[in-house]
Structures are given as structure tokens and as C-alpha cells.
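**Student:** Here is how the chains run, residue by residue.
2 protein chains.
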Amino acid sequence: MSCRSEILSFFSIARSSRLASLRYNETMSLVVVGSVAYDGVETPHGKVERMLGGACTYIALSASYFTSPKIVAVVGDDFDAADRELLASRGIDLEGLELADGKTFFWQGVYSEDMNDRTTLRTDLNVFATFSPKLPEVYKSQPYLFLGNIQPALQKQVFAQMANLRFCGGDTMNFWINDFRQELLATIADWNFLLINDSEAKLLSGESNLRKAAARIMAMGPKNLVIKRGEYGAMLFRPDSLFMVPGYLLESVFDPTGAGDCFAGGFVGYLAERGFDLKGEIDPHELHRAVIYGSVMGSFCCEKFGVDRFRTLTRQEIDARFEDFRKFTAF
Amino acid sequence: MSCRSEILSFFSIARSSRLASLRYNETMSLVVVGSVAYDGVETPHGKVERMLGGACTYIALSASYFTSPKIVAVVGDDFDAADRELLASRGIDLEGLELADGKTFFWQGVYSEDMNDRTTLRTDLNVFATFSPKLPEVYKSQPYLFLGNIQPALQKQVFAQMANLRFCGGDTMNFWINDFRQELLATIADWNFLLINDSEAKLLSGESNLRKAAARIMAMGPKNLVIKRGEYGAMLFRPDSLFMVPGYLLESVFDPTGAGDCFAGGFVGYLAERGFDLKGEIDPHELHRAVIYGSVMGSFCCEKFGVDRFRTLTRQEIDARFEDFRKFTAF
Numbered sequence: 020m021s022c023r024s025e026i027l028s029f030f031s032i033a034r035s036s037r038l039a040s041l042r043y044n045e046t047m048s049l050v051v052v053g054s055v056a057y058d059g060v061e062t063p064h065g066k067v068e069r070m071l072g073g074a075c076t077y078i079a080l081s082a083s084y085f086t087s088p089k090i091v092a093v094v095g096d097d098f099d100a101a102d103r104e105l106l107a108s109r110g111i112d113l114e115g116l117e118l119a120d121g122k123t124f125f126w127q128g129v130y131s132e133d134m135n136d137r138t139t140l141r142t143d144l145n146v147f148a149t150f151s152p153k154l155p156e157v158y159k160s161q162p163y164l165f166l167g168n169i170q171p172a173l174q175k176q177v178f179a180q181m182a183n184l185r186f187c188g189g190d191t192m193n194f195w196i197n198d199f200r201q202e203l204l205a206t207i208a209d210w211n212f213l214l215i216n217d218s219e220a221k222l223l224s225g226e227s228n229l230r231k232a233a234a235r236i237m238a239m240g241p242k243n244l245v246i247k248r249g250e251y252g253a254m255l256f257r258p259d260s261l262f263m264v265p266g267y268l269l270e271s272v273f274d275p276t277g278a279g280d281c282f283a284g285g286f287v288g289y290l291a292e293r294g295f296d297l298k299g300e301i302d303p304h305e306l307h308r309a310v311i312y313g314s315v316m317g318s319f320c321c322e323k324f325g326v327d328r329f330r331t332l333t334r335q336e337i338d339a340r341f342e343d344f345r346k347f348t349a350f
Numbered sequence: 020m021s022c023r024s025e026i027l028s029f030f031s032i033a034r035s036s037r038l039a040s041l042r043y044n045e046t047m048s049l050v051v052v053g054s055v056a057y058d059g060v061e062t063p064h065g066k067v068e069r070m071l072g073g074a075c076t077y078i079a080l081s082a083s084y085f086t087s088p089k090i091v092a093v094v095g096d097d098f099d100a101a102d103r104e105l106l107a108s109r110g111i112d113l114e115g116l117e118l119a120d121g122k123t124f125f126w127q128g129v130y131s132e133d134m135n136d137r138t139t140l141r142t143d144l145n146v147f148a149t150f151s152p153k154l155p156e157v158y159k160s161q162p163y164l165f166l167g168n169i170q171p172a173l174q175k176q177v178f179a180q181m182a183n184l185r186f187c188g189g190d191t192m193n194f195w196i197n198d199f200r201q202e203l204l205a206t207i208a209d210w211n212f213l214l215i216n217d218s219e220a221k222l223l224s225g226e227s228n229l230r231k232a233a234a235r236i237m238a239m240g241p242k243n244l245v246i247k248r249g250e251y252g253a254m255l256f257r258p259d260s261l262f263m264v265p266g267y268l269l270e271s272v273f274d275p276t277g278a279g280d281c282f283a284g285g286f287v288g289y290l291a292e293r294g295f296d297l298k299g300e301i302d303p304h305e306l307h308r309a310v311i312y313g314s315v316m317g318s319f320c321c322e323k324f325g326v327d328r329f330r331t332l333t334r335q336e337i338d339a340r341f342e343d344f345r346k347f348t349a350f
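Residue numbers (our numbering), protein chains in the order written: chain G, 20 to 350; chain C, 20 to 350.
Calculated from the structure, these hints are not laboratory results. All clues stand as given, with none of them false.
Identical copies look the same in the list; a pair holds intra-copy or inter-copy alike.
Listed next, the in silico PhoX-like pairs over lysine-lysine satisfying Cα-Cα at most 25 Å (straight line):
| no. | residue 1 | residue 2 |
| --- | --- | --- |
| 1 | Lys66 | Lys231 |
| 2 | Lys175 | Lys153 |
| 3 | Lys323 | Lys221 |
| 4 | Lys231 | Lys346 |
| 5 | Lys159 | Lys242 |
| 6 | Lys231 | Lys242 |
| 7 | Lys221 | Lys231 |
| 8 | Lys66 | Lys122 |
Bear in mind the structure is a predicted one, so any value in this text is a computation, not a measurement.
Please build the complete structure, drawing on both the sequences and the hints.
**Tutor:** Structure below.
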């Protein structure tokens, strides 16, 4: 190699690694805020006394097939090294996982025979009761943010610390909609997207018709509204379009815990992987595909108890199921 | 025009009209058996004391946008000339509409606030109690047959009289599934397709998982199984494939009465319009499109009370909504 070509080669390596790092920052970093917990779950297929759970856990595990999520959460001193290891093994950044004195959030529930209903038997908030999200410095410059279902004022506080956001949104629930309505409205006003289920959409909007409900919610802020309908699929509303997908039909649903969160992780993870076009916009068809990836990830989640499916799941299986969706919706 | 060209012209006219009539017989004749009734309906949008209804009515009206249905049903001496005229104006053959002494079948029901449930207030079977389908001779050579929800033994009796069937199937309900199970199994064993809703599919199969339920039902006979899920859409199971479509999202549902029957009419009507390929088979994609046309017709039905939407609906509107389905399911 001549001197000149060595120099050229040096520059091209330097340039391509700078591009790679830019590309990493531009497209690969998603911050997820929410609960990391232990769950006790009973379904018609079995019972597990205590296993890793929590919305942040499911969202991050699901998104980890598309990007490298950075989580913000709190656990107690009972948090198992093996569970930390599972998250790390999926490339999840744990710098924002705070270790507090006390016990990890614990939730216990039992599902009905058809698994469309569940009853909460026990909720011990433990260290989660005083959770105040603390963002490591490097998190604050990331472009993607998913705010899991926590108090709206905390969601807003995290949002305010993010300096470089390009696509931000999250989840909420009936408790915040009913009892923290003004806080919630002030919070979601800043969001690009909101992911909720159909009953939450009706509650938030005061409208029983989903088209009308969606129009009201988009007027509150989020211009990308994903309404999840459990086994019946999901819908993406935007001011000028509607996209709908039926649910994936599984042979067996072992445990639906976390399916909605895995949907969220697939949705936002795929978008973080794809990034924006040169005008800083997202192609609407990429949003449609993100809904499909969300559906795919939610369906895998149900195939085993808790997070177990993510111990073996591969990207190849995910992409194959994405193609299944094409096949069974083509006409 | 020379004599020779006149003769040629005569032959070509004779030939093309023979072909047209063959094509008519091959692709355009559907026999529909079921109830023609009067309904009293109350929904959150209003109340109608008495209006034209009945499964056969809805199926035939819906199918009339694709083919020329021939109905087999019975009405009483109170049947209104204007209602007969509506059916005739849509090209429906009424030769098989028997006029009996007594009153027409009357059903009255009220819908819940969200219209997902309805309560029957009154069922006067009247002349329908002794309905014994009588097929005019010309009906017996038709290739398409839809057996509406009547006693399975009567469905079988009609089937036995059809000499030239190419695609046959129908509907049933929980009452026949529970109390006439053996009769029903003997009946559907002959069918090419069965259209039922998800709770009926679970009841008939004894399986709560729809994939497993579908496999069991296909083993009973019908190799094309359409499972309707109301507002959530529909699915078509075949031994080697699955097709799913979400429900059309209406701004307002005025009256869901007859929507399932209109789905059936759109499904089988479209197939009768398209006909079979040269090998006597139906392209699976035509079956998928038939499910979409079924969904389209079911959605239109809900837009007004009773059959009112069919007084103004055009094929252009139907095809435009079919394209809407493409738009909101593309990814």
C-alpha cells in the first residue's frame, strides 16, 4: 500500500466510523422509562409464583431486537443478578436502572379461562412507590423516548430533560385518565405518539365510537395514535389516514402478561431502527410496518410465561412472522 | 351489407347470446333460502316498530349487487306490496316466495348502548313455524346455494333437490348447534362453506382457541370456513391457509340488524359473479376478495335502519369501500 493510499484509507475508516457513530446516535437509541418488577401470574396453562416482569422490562426486551434501548427504572435489593444478566445480554443499557433500598415492585394476577380478563390479587409498589426517574447524561441526547405507564407528571419531567428528541410518546392507563386528567393532558400534549387500548381511548376521549374518539385524542397532541385491541389487533390513526391490522392468531396463548408492552417495544423499536428520512419525517408506510412489528412482538410474548419467549426468540423468527402477516392479509 | 355478412352477423349474434345465457347460468344464479320477516328494532339511535327484515331478505338484497338471487321463503297475507316491490326492483327472483295464510314472521329486539349485545323482546314465528322450502323447477339447476339459518333437516332437504351445485353452504346458530347437533353435522358435511360467528364456532367445535376450532370444523365438512367477529372483522380458514380482515370502522352504527346476513350476501354474491376458473376451482384470492366484499356489505347495512341503506346504495359506493379496505390494510 502506498503512503497516499494509506492516508486515504485512514480517512475513509475515520469517516465511516464517524458516520457509523452518527448513524448509531441518529437511529439506534431509544430511552424507555417504566417499571421493572416481579410478577406472580396464573393462567389456565399454569402458575408462576415470581418471575421478571414490569412494563419497562417487556418494552426494552421487545425493542432490543431492533435497537439498543437504555432503560430508566428502579429495583430493590432483592433484584436477581440473573435477571440483570438477561437484560444486559439483549444489549439493554442498564446505567439508568437505579438500585434502591427495599423490595422490587411486585404484582400478582390471575387470568380468566378465555384470558380476556384478569384480576389483580396483589400490588406491592415497594421501591416503585417513590420512583423518581434519574436520567444518566448520555441518555438525554437520544432521539427516541418511550414513556411507560407511570404518573404523568413524572413522564413530563423526563420529557423535559431530553434535549434532542425526534419521536416521543408512551402509554397511560385508566387510573391516570380518571384521577390525574389535567396532568395527563399537559403531558401528552408534547407527544408524537400515544399507545393505549380501546377502552382507555374511549375513557380518555369520552367517545364510544373509535373514529370519533381518535379524532378527539389527536386534537390533544399525539398525531400518531395506536389503539390496541388485544386479540383483535390494532389500529393506527393519523390526522389523514387510518391503518388497521387483525391480531395474530396463536394456537395457544400461555400468558398474555406484557403483550401490550411488547407491542409498544416492537413499534417504537422498529421506528428507532429505521430512523427518519432526510427531511426528518417518517414514511407513513414505516409506521404501518411498525404496527405490524408491534403485533408480531405482542404475539411472541404470549407463547410462553413472562419474558421466557425472549430467551430464545431470534430476529429471523420475527421477520418470518412479519411475512406471515403479509400473507394472511393479502387480497 | 351483403347476404353473406348478414348470415354471419346473424350467427354471431345467436352465438354470443347463447354464450351470454350460458355465462348467466354458469356464474349468475344463486339460490337463497331463509326467513323473510318483519322486525321491530330499537337502538340508541332510534326505534322502528315494524320494518322489512329476515335473513333471506338481507342476504338477497346484499347479493343482488353482484348477481340475481332467487329466494325461497314464506310470508303471510300481511306482507306489504311495497316490500315485495323493493325486492323485485333489485332483480331478486320471487318465484320461490310462498304466500301462506296467516301472518309474516315477526321479531322484536333492543340493542345495548354499545350495540355489541341485543335482547330479543318478541319472536312470533307465525307462517315461518311450518316453513317447508319449495323450490321452483328452474331453481334446481342453479350452481350457487346459500342456506340461511333454518332447521338443519330443511337445509339438507333443499340441498338434496339441487342437481347442479358447484358452491354451497350457509349459516346456523347456537340453537341448532346445541339441540340438533346430529342433524346439523349430517347437513354441513355436504357444504363447501360455512359462515358463523366466533362464539358459534367455539360452541360447534368445543374449542375456545379459534385456530383449533377452525381445524375441527373443517374436518366436519366445509373446507371454507368464514368466522365473523362483528366489529372486529372476519377470518377465512381453509385447510392450507388463513385470511383475516379487520372490521370497517364506521363513524356511526345506526342499526347492526342484518349485518351478518349482508356479509353472507356479499361473500357468496361476489363469488357467484366471478364464477369458477376453467378447472372448476375458485382462486383463493377471489375468496379473500369475497370476504372483503362481505365486510363491505355488512358495514353499509349498519349505516341506516333495517334495509334502508339498500334503497340508495350503488355498486360504485361498494367498489369504493372495497378500495378503502386496501388502503387501510396496506403496509
